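There are 6 protein chains.
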Amino acid sequence: MRILILTPIKGKVDDTRRKEILEELSELVTPDVELDLKSLDHGATTIESFYDEYIGAADMIEKGLEAERAGYNAVVINCFMNPALNPLRELLNIPVIGAGEAALSLASVLGDFFSILDPDPPPRSYSHKIVSSLGLSNKLRSVRYLGLGVSGLSGRFEDVLGLMISEAKRAVEEDGAHVIVLGCTGMRRYSKKLSEEMNKYGVPVIEPLSAAINLAVSIVRLGLSHSKLSYPNPLKDVEKENVV
Amino acid sequence: MRILILTPIKGKVDDTRRKEILEELSELVTPDVELDLKSLDHGATTIESFYDEYIGAADMIEKGLEAERAGYNAVVINCFMNPALNPLRELLNIPVIGAGEAALSLASVLGDFFSILDPDPPPRSYSHKIVSSLGLSNKLRSVRYLGLGVSGLSGRFEDVLGLMISEAKRAVEEDGAHVIVLGCTGMRRYSKKLSEEMNKYGVPVIEPLSAAINLAVSIVRLGLSHSKLSYPNPLKDVEKENVV
Amino acid sequence: MRILILTPIKGKVDDTRRKEILEELSELVTPDVELDLKSLDHGATTIESFYDEYIGAADMIEKGLEAERAGYNAVVINCFMNPALNPLRELLNIPVIGAGEAALSLASVLGDFFSILDPDPPPRSYSHKIVSSLGLSNKLRSVRYLGLGVSGLSGRFEDVLGLMISEAKRAVEEDGAHVIVLGCTGMRRYSKKLSEEMNKYGVPVIEPLSAAINLAVSIVRLGLSHSKLSYPNPLKDVEKENVV
Amino acid sequence: MRILILTPIKGKVDDTRRKEILEELSELVTPDVELDLKSLDHGATTIESFYDEYIGAADMIEKGLEAERAGYNAVVINCFMNPALNPLRELLNIPVIGAGEAALSLASVLGDFFSILDPDPPPRSYSHKIVSSLGLSNKLRSVRYLGLGVSGLSGRFEDVLGLMISEAKRAVEEDGAHVIVLGCTGMRRYSKKLSEEMNKYGVPVIEPLSAAINLAVSIVRLGLSHSKLSYPNPLKDVEKENVV
Amino acid sequence: MRILILTPIKGKVDDTRRKEILEELSELVTPDVELDLKSLDHGATTIESFYDEYIGAADMIEKGLEAERAGYNAVVINCFMNPALNPLRELLNIPVIGAGEAALSLASVLGDFFSILDPDPPPRSYSHKIVSSLGLSNKLRSVRYLGLGVSGLSGRFEDVLGLMISEAKRAVEEDGAHVIVLGCTGMRRYSKKLSEEMNKYGVPVIEPLSAAINLAVSIVRLGLSHSKLSYPNPLKDVEKENVV
Amino acid sequence: MRILILTPIKGKVDDTRRKEILEELSELVTPDVELDLKSLDHGATTIESFYDEYIGAADMIEKGLEAERAGYNAVVINCFMNPALNPLRELLNIPVIGAGEAALSLASVLGDFFSILDPDPPPRSYSHKIVSSLGLSNKLRSVRYLGLGVSGLSGRFEDVLGLMISEAKRAVEEDGAHVIVLGCTGMRRYSKKLSEEMNKYGVPVIEPLSAAINLAVSIVRLGLSHSKLSYPNPLKDVEKENVV
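Residue numbers (the working numbering), protein chains in the order written: chain R, 106 to 349; chain Z, 106 to 349; chain C, 106 to 349; chain E, 106 to 349; chain F, 106 to 349; chain H, 106 to 349.
Simulated from the structure, these hints should not be mistaken for laboratory data.
Note that the coordinates shown come from a computational prediction; the quantities given were computed from them, not determined experimentally.
Pairs count within a copy or across copies, as identical chains cannot be separated in the list.
In silico lysine-lysine, DSSO-like type, Cα no more than 27 Å apart, as pairs:
hint	residue 1	residue 2
1	Lys333	Lys345
2	Lys244	Lys234
3	Lys234	Lys333
4	Lys297	Lys124
5	Lys305	Lys345
6	Lys234	Lys274
7	Lys234	Lys115
8	Lys305	Lys244
9	Lys274	Lys297
10	Lys345	Lys297
11	Lys143	Lys117
12	Lys244	Lys297
13	Lys274	Lys305
14	Lys341	Lys305
This is chain R alone, in the form it adopts within the complex (with noise of 0.2 Å):
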């Protein structure tokens, strides 16, 4: 089984780090699973608005037909704000999931309330949004932000953890979260550490992107695919003179 990881923001990934990153999320799947990682030749270097996903469509969507084309049996998309969910998956018939809406899902099973860590200063509603297209909002307790910017979220290590733990701690204690969720696929290098404090207070820490890859390989098991009456193939201009 092949899944491509698709990060929708520009920027060569070196080798030696892409290499490094898929032996990580390797470790996550059976030995099955071939795992590939592409990012955009044009696109925004993060995704912290509508205007970024935009920015990035065009060559997402090419990369998705290619995914297809070229026999993976899933893509990912490497992103909490799920960009271009859509058009890919009126495009592919193949599954793709979004980050953000796996990490949700599962948060949604493993408890009762769960917080967002937000990268962004408040009061961004990106992750209210988010929550909210997917129907969730009963469960969601707080976004907690952490007001770095997604850029910031590459900052000295123990500084940025002992924030994220911090926020987590107060998402549990003040607004009565029982689970975490990483609210940023670039939060994944503090999700072990994250996870073990939380763990002591019996609190899942979720991270989207092993959730999503998690999900896509489970589709794909299963047989299934997203549904075509929700997302419809696109008619070409030829074929919508003639739709009945």
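Given chain R's structure and the hints, the job is docking chains Z, C, E, F and H onto it.
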């Protein structure tokens, strides 16, 4: 006051037709409102999928930015699906109004329950998704599908009108609708006749483009625009390094 | 176009003040819109309870009927609580718009989350009830209470304004509001100054009466009115015998 | 314990009939509960619109105030539409219970889904509005319209009963109702026969006036009343100056 | 009328205490209502988890079946968590009422917003789950935790009462509650004193067992029971072969 | 990794059949996943009521505890109704997944609207209750009843399959479903054929046991389990004295 109506599809409207349309629309506003109409250089020929929306997004964004620079006071998106509404609101300070959101917001003021006439065949859920994203699902009684496709709307006037009247009546009688919302700005030419027919039952018919123009005019007159906390200006790539 | 603004409280507004108010409001509309302002002969002195609403209802209804007979094109109810909105819509064919519903409908278009400034002390739930009756509870972040009462709004300008600014900022910073809605048309004189202050944060401030007048004008220009299926004409007593 | 049943329509009930009604209703309560029945001096002849409600409101309020002064322990509003419930709760400290709210609250305890038999023709939405104001829309399966009007309920007993049985069965079989709620206290005389019929299917039939009387008795026995934070005593005009 | 109060925990109540309890409860009902009280032979010592509920379920079911055979008219489950409510309703034709559901249903009639006093420490979500299963989440303002555990409720009277008063006041002042619901029938002995205190603010305090007994009495007097379509009689194993 | 599939009904599965089933299911997972299958010594013969669930709960709990002690990595409950899910999650630290919750969670990822095929006759509401407890009611289009009962599912293959196909198609065409969820794990043997048929329409068919096994595998691979704040370990009776 100058308002740009942005049609999210490609294709030159010839000058005669363009003038005609603007004359029709100008009847809905006072002489101090100057309307202008632009379509895209790059985009799909109709908006019947999320893919169609994304194809034209880059050009939509460019034309929106131009409009603000050129001193327009508001931009109206001439499509029920509100394509590129979110990124345009992020980028612009002048109000941006989508035809679908304006129509549904007005419908929810004018009556308890509404139904949407959708040009496409069942079981498309684009109309449901728009209603749901506005939080108005509890007022939606049904989506009635014409099964013509957007291009089919330019069929024989009497045939299309007859179908629309028949589906609107079924929405009222079978589904309990109190208001009819046209689910495509391409239905505008049938709007007057359908209204006359439905007025007999006390049922308002809402044409989305007209609703959006009037909402945009209102917002400009009130000196308002969308919240910049809901639609913050996207950071440029260089700014992303320094969020805090 | 002639629009009657109906203030649901008793008390003669002297002619100078009345002229002043109408001049202020006329700046929000084009010269073809003629505004008129009436208050009640019988009613409460403020609307701060359902009881206050019911005291003036008979006179509201009478004045609404007169307005339609006198050829007005729409009636605007000058109160956030929308008193007598339902029976007036049943009795009249011309549009009837409540200030509260217009403000909240506009707020839900302009941003993701709003808070209301309520003139009364906590824990009044009138504002919550109005939001809930419009199906917009998921967008309400908080009701911020001024604790002045409606009559307290005519206190020292700087004091009241200061309190409003401070509560509006807390709504944004502590409660996550993206839009501020004035919860009483008696706050209109603070509207401009508060807007200036909140604009610094990109937060729109919605004044209900202005919103309602503009919504009424839009509906008239579109040739629409409320659905007669949602607000059927009440039967006269003699007609009730013969429904079928 | 003394409970006043307040019928929100005008018209003298002759003493024989009044006694008869009170005897029937007294069978539902213990001998220590003294029931009394009053209708209005000024009001509509039926409650089939918000206008009808408002016409009688002043007299409802007056009679409610009298009841408290006269030492009644509770007031029951004898109408599914709960007219004047809000202002009466504001003005009175003794419990005030509306027939519609009591019926729907009980229905939601007894089963998963209910349907309402509405005396009026479709597509009236008064029943929907009452359900929605109580937050119970997710349990409403359908409103089944008899199309008789309130006055039509006093038609030939067998005809009306037959229609009610037939619509109640369709609510169960076609709409999935598990409980039937009578949507008008004017249906009380059919309640027993309809119950017998629906009991065959295990479907409870809820008569609103009986439900309301029993709820009022319970609340009095528990020493409770409505929250004065939800229904604060209206300020007198002189008090409004000094809120803080 | 005979009503069995079924306490879902094991443990003999000595006869003196049992008599005392029944005398206290009998003050809430008329002399024609005979109350009886049983606890379990097999079960947990308190109900503070779903596990606790399941341990006693078999005995609950047996005692419920006995009660119907013995001619009781209703069964009341003496626990806020409503343990075994669903299977008992399936098995019995006489009404079965849970203390938690009765309390919350009454709370939602008496005011706009309620808070629950929960005996356990945060962040337990049992109270939230019960509210949510009844569809009343939009009226829940907060769960206030006493952190004592159920057994801690039998601590020093003044200490426990003081804590309850302090948390109830915070629910009103900080969370906006208009009604206080006791989240455990073990709080009954504090109910009167707490009510007296909260009455000063116009805030009703609802004791679940009292609410449930009165609801059961009402349902019996009305000749009603739960819908057998919502709670169909379970098939015996031999019957399962022949459903159609 | 070892996963125990716990069938909540009594009855020995003979070894041949047991091996067969495990072989079929093992095709859905990688060789490193060892599946095991147990049914109950004490319990009902099918789960078609809450009573059926409670009969087997004690044995379910015992076998769940054994599984954890025996080193299983997860427990899957082989029933759409998720019996004993809550107490098992409280007692166990290893993940416990119910077939119904896994199926519905997956359905909500794969499409906008789903319908459930229910083996029982109408108007059962068990399926509705499960959907509602997961907060997914807004995505449920219909419950389609086969009217066979669980035991009827082992009828003539072609007949049952034919009925399932016909109801699934009606769910799509008449009710607007985009995804079909099998509402009983007893429908597994029809799953492949039904999927083939519905794939023609682009409609995924979700078999609950397969979905649950894959979800359990994913959660184990991710090193996660349910939140212990949502499902805290039940206190032993001796511990209950000392909560604080």
